[in-house]
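Trainee: If you're matching them up, the sequences are chains A and B in order.
Following my numbering, the numbering of the first sequence begins with 1 at its first residue and continues without gaps.
Following my numbering, the numbering of the second sequence begins with 1 at its first residue and continues without gaps.
It is worth saying that the hints were derived from the structure and are not from the lab.
Built from N, CA and C at the ideal position, the CB exists for glycine as well.
Possibly wrong hints are sitting among the right ones.
[To be verified] Residues on chain A that point at chain B, a partial pick, calculated with CB under 7 Å: (1) Y139; (2) A183; (3) A185.
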Amino acid sequence: MLFKKVNSLYNSLEKLFAVKESIIPFLVFYRVAISLVAIIEITSLFPDLHLFFSQYNTLIPQELMYIQSGYFKYLHVFYVFLEENNLTAVFYKLAVPIYILALLSLLTGFFTRYTALLALLLQLIIFRSFAPFNYGYDYFLTMSLFYCFVFPVGRYYSIDEKIFKYASKENFNYRRVLQIHLAIAYCLSGVSKGLDPGWWNGNSVWKAIASVDNSFFSISPLILTFVGIGTVLLEFLYPLLIFLKPTRKYALTAIILMHVSIAIMMELYAFSAIMIVWNIAAYGTLKEKAKHVETV
Amino acid sequence: MKKKIRILLYFSHLLLIFFHASWATFDAYLSFYHDKSVDIPVISLLKQNQHTDFYYVITGINTGYGFYGIHTSTEKYFRAYYLDSTDNVLKTDRYFNLSTSNGISRLEGFASFFSNYVADTDKLIKSDTTSFEDENPKTIRLREHYNFRKDYVAKVLKWYGKNEVKNMPKCDSYKIELLTLVPQDIWQKKKTIKPQLYVVQEGQFPVQ
């Protein structure tokens, strides 16, 4: 009886992760888009990077940046090891260039799995060394690089494909992992916002966007309330709206527009970019050999 | 067999994400609205703990997905005043040599983190209601804990601006403020009035 139930549960899982259409465009798009976003982001931070990550020139000493984070136990051991072996200066000099090189290798699909792992480890070391200065983007990039490491993203349209001449066909729907992950993230974000009365009367939208540097503080309460309620409902209902075929393209368009607005109004460009990449990778219609991405 | 393992591993990974994100939302709600935290032993096994921590860190799933949920806070930022020997302001600064919007956004993110840190430290201090002579190990641990946090707050404020004064020979001291926009009820406030600022924490330091 129990065996039957377990077996039936497993069969449902097998169906859930079954490949129904080619996932090659997804794997290629994901690899290229994630590495491009990561390269653009680190390049955009480059003039200021020494103030967050360097041996002597940080805003506050490097140890003070991570001492109060959950990464202290890993980073402290790592930096002590570097110090004891006189490698600190070399590490600070090479970490970022090697990280960028790893991302470039990931982009072109050159020894993809190894370079994805290297990029993941360096991203964790570099960015968590200033953990309190991290935000949503940094965590989504870690997740993305982790998926680039575990998914076979380097098997197609890559240098690896030319070198290793892979033969096997994919029999696992990696895209489904991203789809479910994204659905969980939005739904719980919707729950979280829905529990805050401020999202139902516009006050939280005002708090999120009002700044001494802009004039969003004067936006009409009616508009803010509409935006607040719209955001809660869109995020909470995202799994349903994206699952149903008739509403999928509207939900995808709405969520992309939401991220474009976040980029413009809150200047969180990298975060918005990575969320748009995840949405297109998970639910956009990606066609093999097509030059464009369209939604269904 | 390989496929079965793969399916089970990814399913477990997704279950962990669902569990962690749900728990983070529930925990944040209880802690903010009811000032409570719940410890359920079975759940603690799956939560980020010494056994699961590495997996959470390496996969990046050690984050909630609140995105300004539960309780949205207003904008926060640091402001420095560089003063001469008669306390005249030589220069004020908000960006501490940061020049990119990416860097400035991160600095504002830190200001928000720091403001929560200051508030939590104050809570810890207020929770110490025993007499000064009390040498109960629990009280001593609590005092060590909040003194460490107070020290951290002072050190962070001191370091901000420390680099800048090197290039200002006339600067005798500097003051760092952590400012927040005062939340307003949008249905009560006048549309055109600019939001007010409030100093959450400040520190003045002599140039050494």
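Trainee: Hint by hint, note whether the structure agrees.
Mentor: Here is what the structure says about each hint:
1. Given hint, Y139/A at the interface with chain B, holds; its Cβ is 4 Å from that chain's nearest Cβ, closer than 7 Å.
2. With 7 Å as the threshold, the beta carbon of A183/A stays out of range of chain B, its nearest partner Cβ sitting at about 10 Å, so the hint is violated.
3. With a least beta-carbon distance of about 4 Å to chain B, the hint placing A185/A at the interface is held under the 7 Å criterion.
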